[in-house]
Structures are given as structure tokens and as C-alpha cells.
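Residue numbers (the numbering used here), protein chains in the order written: chain X, 1 to 405; chain A, 406 to 810.
Treat the hints with care, since some could be wrong.
In silico lysine to aspartate or glutamate, DMTMM-like type, Cα no more than 25 Å apart, as pairs [claimed, not checked]:
(1) Lys-736(A) x Glu-309(X)
(2) Lys-133(X) x Glu-592(A)
(3) Lys-133(X) x Glu-620(A)
(4) Lys-36(X) x Glu-620(A)
Treat the hints as calculated values from the structure; they're not laboratory data. From a predicted model like this one, the values you see are computed outputs, not experimental measurements.
There are 2 protein chains.
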Amino acid sequence: MKSAILIALGDELLSGIRQERNCGWLANRLTLSGWKVLRIDILPDGPGVLQGLLPSYIGRADLIIISGGLGPTHDDCTRASLSRYLKAPLIIDTEAYAKILSRYPPDMRRNLERCADTQGSLPEGTRPVHNPKGSALGVAFIKEGTRVYAFPGVPTEFRAMAEQELSADLVESNGCMRSVVIAGWAESLLKDRISALTEDDLLQITILPSAGTVEIVVRGEPSKVNEATLQIREIFSEDCLPEGCPSVAEDILRLAVAKGLTISCAESCTGGLLGAALTDVPGSSDSFLGSAVCYSNEAKRNILHVPVEIITEFGAVSRESALYMARGALKQFSSSVAISTTGIAGPGGGSAEKPVGTVWFGLAGACEESTAMNVFPGDRAHVRAWSRNRALYLLRKAVLRVNAQ
Amino acid sequence: MKSAILIALGDELLSGIRQERNCGWLANRLTLSGWKVLRIDILPDGPGVLQGLLPSYIGRADLIIISGGLGPTHDDCTRASLSRYLKAPLIIDTEAYAKILSRYPPDMRRNLERCADTQGSLPEGTRPVHNPKGSALGVAFIKEGTRVYAFPGVPTEFRAMAEQELSADLVESNGCMRSVVIAGWAESLLKDRISALTEDDLLQITILPSAGTVEIVVRGEPSKVNEATLQIREIFSEDCLPEGCPSVAEDILRLAVAKGLTISCAESCTGGLLGAALTDVPGSSDSFLGSAVCYSNEAKRNILHVPVEIITEFGAVSRESALYMARGALKQFSSSVAISTTGIAGPGGGSAEKPVGTVWFGLAGACEESTAMNVFPGDRAHVRAWSRNRALYLLRKAVLRVNAQ
């Protein structure tokens, strides 16, 4: 079994200002690929730290990954530490740094050029690692049979560079692990439906709840795993997303393109989260037309043409307002389907009749009109996220139904 | 400055199945109380692990905290490891264990009594630590001036026992750590402006970039810290957010309420992210009216009344379209300020003249009209996040200027 030691550097990790996340993530990826992680060390910034450590680690593991300390500021000491440990002077890798800078517009590039002596340097004899997401070069070398990599601590950069450099190591043995993403189910309810599978000793089942979806990861013998995923797809039928489709929003847009539909939204309590989720998907402009975020009652009247008497009689958070909002978006954007959200995200604004967490949804167009209501638990951020996820779930169901007519 | 070393034991932490949380939490509490955390080690379960480590740590720090390995199962080795390290046999502390069991109903108690030789035992000469939340006894001892504690890894138990045993240590001394949040500055530019402070040996400065802001955390002697934060506020003047205000969006809404302004947005490439950021703040409805997410050109025309010839002549991503979009939002929502975003988030849609990452911003209302353009690096998610952050920065500047007129 190949072994790895992971090291995270940063005063902010030791003062608890930031939670260390890179090593936990990489440890999981390595474990799934058959590696053994020997230890994770979280250490302060500072010039002496790595030198004290590396002599006792090099040669003991196949892989050492260092996260952090590669930026341009005074507390970034990884390059200097590696230089002293390797007894190799720091040199600027003009070519590798220029490749990074070419991604930046001229004004940012000028500024970054001044950081070449920090972000663009590495100990002589080591290999530069390209950074596709940021401006600091990574460093790689092999010593006493141990491969050592230093990547920046910014999570997006760390992950991209680890995926890129360790692609041959992070090979999750295909077939013995598969997953199914399910929309709209609570983890606790879902568990009961698959208890026959979780009690099977020959299968290892991990349930990973995410925003609006639950991913069931199945590991074991390939034939057992395939059988189990088929069973899961049968149990949850159309609530399963297609293989390889990670999000409800992406599936909605895929379905809309396939069925020639266009989509619009009218948002109150989600405040733009719904539009943001849909436009997060590349190519969303093929079927997403827009979203009217109407927080004030005047905006609901003027932009979505919700009749003033509807708001006065039933309130802005009501079945009636939700329906008129969806109708308004349908008309204003001339889309084939429209969905609306209106609710009380809190912390204020609740009442006995309509407590914080009450959210109404409206659907219009594509041969149907409907409304739904939920009372979501949690704080403002939770209620808003639940509302976005529920709206996406309802919208996907509506889009799925269109062909059935 | 008193120093601490934190050690977390558990295979599940090294395989990434569970994220380590106890040490990060305690590190934060200790730092706020004026302690220096020297390192956090995450190590596997197993009999040899602690023995290998403790000889080099004891005497080096004032405090060592061990999390995990105290339960009743085969992989819980902390008691046995401490026993071997201290050369003291394990004995059952009947009295201390009985105190724990008295909290349990009879049927559970009978089961737990059978675990006395593991959960109720500790090396002779060490002190039992009561567990108010679970059934495993903790262990405490002092050696070579170092206080050592072992607490169970279950977060609720770990936290309760740490609070109880370290109550005299975890006294947050106000003033020895303060931070300033700065909007709109790149980390690389910012660090040059505060080099006098980062070179001051009596101050510990941590620079934490976040979405659209950089936080400068200053630690040290209270009077030095206060002086340094004043200097930072002078250097970055109005780009500093007020103390206790964590985000640009929150500051915009605070300023808008104070100045009696209302806000609306017109979003294309941000697709709702801008509205979502503003409505993330509780009470945002006091000044945020809404956002027209107009992804299609038809929506830009029909909802924001951008003249068709403006889009045909200059394109949807242009200074002119951005300005008309902001004017449209101002009028449609009847707000006092409006901001717009229109750009090419990618991966498709770029050209030589307007590459992916090109984003125009428009501002209208509140005595001014203006536009700005940036070319942002990175992928779709990056360009969208940069665009949202830049729009918030521009909006805050506009709102700040209103009183100056």
C-alpha cells in the first residue's frame, strides 16, 4: 500500500480563523484510490518549520504534499524553507511564471510581475507546477524515493493542482465504486428505503447529503455494485439524476433544451439564488431567459403585474401571490415555463399564521399551473437554500412532465 | 506566551470520511485567550502512535490536548499508549466511572458496566476527567511541566470536557486580536502598503483573502494591536469596512438605510448572484427592492427597456448596454441607485475583441451615472464571483459618495 503524509502550513489554521480543508479532501481522494495516509500535520507559517520536519519524513512515505506558504506575503515561507532544506538557491522560473501570467489581463499582470521573486521562484533543480487557478507557482521534487509537492493553500488552487499532478495516483478503481444522485429526498427518509442494501455486508454504502440532493455512494465487488445501483435507480425512479449529471439545475437545463422549452423565474425570498443556480451551468442561456427578483411589493406589482388587491388581501407570501408572480414572469420573459418563490426567510417577519420558514412556490406555463407550500426549518441562510432547492425540484418535475402530455 | 500542541487520533480523520473539528475549535478558543498553538497533528488509531510522539512534545509546550481513542472498541488505544508511556499500569477508577454511569438508565448502565476495563480505566497516578456528555472517562496528568489531557473525540464530549477542564485557560482577553476587513484590494497590492507592520516583530499579522475582501488579522500586545489597526484603517481609509461588519453587501445595506436610499440591480452574467448576496443580509428588504436578471436580449429589451439599436450596434456586453440596463432597473424598480452587470462568463461566447472574462458595469441614479469594465481571469464560476464582488465594490463606493454631494 502506497503511503502519504500531508502537511498544511498557516497561522490562520492554528488560530482556528480558518478550518483546514485541503488535507481532509486529499486524504479522502487518496484513501478511495487505495493509499494509506500516515498523518496530517497542521503547522505555523515561519522559516524554520519545514526544515525541522522534512528530514524525518522524507524516505518514510511515498508522497508528501505541502499546502500553503507559496503566496507573495511576508508569512509565505515554503519556497525559502525548501531551498534551505535542499541546499539549492531560489531561482525565478521566468518561463513557467510567464505561462501563469498570460492568463491575466495586462493591468493585473503588471502587478503580478513584481511578485516574480516570490510567487514565480523555486529551488534550483526542482520542477515548477503550473497553477491553472491562481498566480503562485507550485514546486515538485523527488528525494530518497519520496515525491514531494508544494501547492498553494487556496482551496480551488490546491485542488486543481492536486488533480492535475496526481492524476495517475488518484485513480478510484472504476466499477468498485459508483454513485447515484437523488433529488428531493431527506437523508432520514431515504435511509429506510435502502436498508436492505446498507445491511449487506458485501457492500459499503455512504450517504452524502448535499444542497437539495443526496448522493448514495456504493463500494464493493463490481457486480454487486452494479446490481445495487440498479436497485437504487428503481426505488427512486425519476428522482434519480442521470449518471454524470451532478445537479438538479443542470438536469433541468438539459431537459429544457431536449424539449425545446424556455425558463424564467420570479424570486422574492430566494433573492437571486434560483437564477444564480441555473446560470451557474455553462450554456444556460440556451433555455434560461431570466429571473425577476422582486423583493418589494411595488416591484411585484410593477414588474410582475401582481394585482394590488391580491397582495393586500392574501399578502405577498401566499398561494395567490406565488401564482401571479409565476404568471407575471411567464408573460414578461415570454418563456414556456416559469417558477416563483415567495416566503419569510427570517429572522424577522414571521407571525403565528405564517411563521419564519413559510415559503410558497408557483408554477405557470407548459400546460399547467400549480402551487406548493413548505415550512422550512433553520436560519435565514438555511431557509433560502431550502427554498432554492425545492424550487429547482418542482421545476424539474414540471419540465419532466411536459412530454407526458 | 503560553503554548499548546493539539493531537487528534482517528483513522476516519485520515481517510477523509470525517473532517477533524475538535482541534480547530480549541485552537481558536486558545488563540483568542492569548495562547500560541504550536501544531495540530492528525494521526491514525493504533498502539504505537502516541508513544512515538509524546517524548518529543512533553516539556516543549505548556499544554498538550489529545482528542480521541478513549472509547470501548479495538481501535481505541489512547489509554494503553499513555500507560506504556508513563510506565504506569491501567487501573479501573470505580468511583469516577460510577459517577458517569449514574446519568444513564438501568438497561444502558448494565451494558456500560461491562466496558469499565476500557472506558473507566486510566494509568495509575493520573487524574480522571469527568465526562458530562458521554460515557468514556478522560485522563489528565502533568509531566515535565506540561499539562496533558486526553478527551474523547466525539465533538460534544470533547468540547464540554475542554470547557470544564480549561476554564481558567480559556479566558478571552479582549484586544489581543483584532481584524480589519478591506474591500476591493488584491492581496498582492495590499501587502506592500502594510510592510512596516508585517516587519514589526512585536506584531503577528495574518492576511486572509476572501470573496472580494481581504481580512488583516493583527495579534500581539493590546496597545500595539490597537495602534496597528488604527494605522491600517488610515492606509485603506474608506475601503475598510466598519468593525464587526463582515461583508461588503452588509455595509451597503447599512449605508443605504442610514442615507435613506433604495437599491436595485440589473444582472446578466451574474445571473442572480448580486441579488443573492444583497438579500443574504437579514433586513435587506429595508432598502433592496429587487434585481432584474435578464439573460436573454429580449428580456433586456422588454423588462429593462434597453433600446434594440443599442444591443444591435454595441452588443449586449458593452458600456452602452450596461448603462441602459442600470437606467432600466432604476426606472422599473423606482430605486434611488441601480447597478448592472453584463459580461462573458464563458466557457463559450468570447471573441478577440471581447474575450471571456470581459464584464461591463453600469451605475445609475443618486446624482451620478458611470460605467466600468474589467477583464477577469479564471473559469465561469470565477468570472461570475469576481463580477459580483466588483459590482458590490462599485455599488458601495457609489452609496458612500451620496452624502458628499
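How the hints compare with the structure:
Using a Cα cut-off of 25 Å, the hinted pair Lys-736(A) and Glu-309(X) holds, with the two alpha carbons roughly 23 Å apart. For the hint pairing Lys-133(X) with Glu-592(A), the CA-to-CA distance comes to about 15 Å; that is within 25 Å, so the pair holds. Restraint check for Lys-133(X) and Glu-620(A): satisfied, since their Cα atoms lie roughly 21 Å apart, inside the 25 Å limit. The straight-line distance between the Cα atoms of Lys-36(X) and Glu-620(A) is roughly 36 Å, outside the 25 Å bound, and the hint therefore fails.
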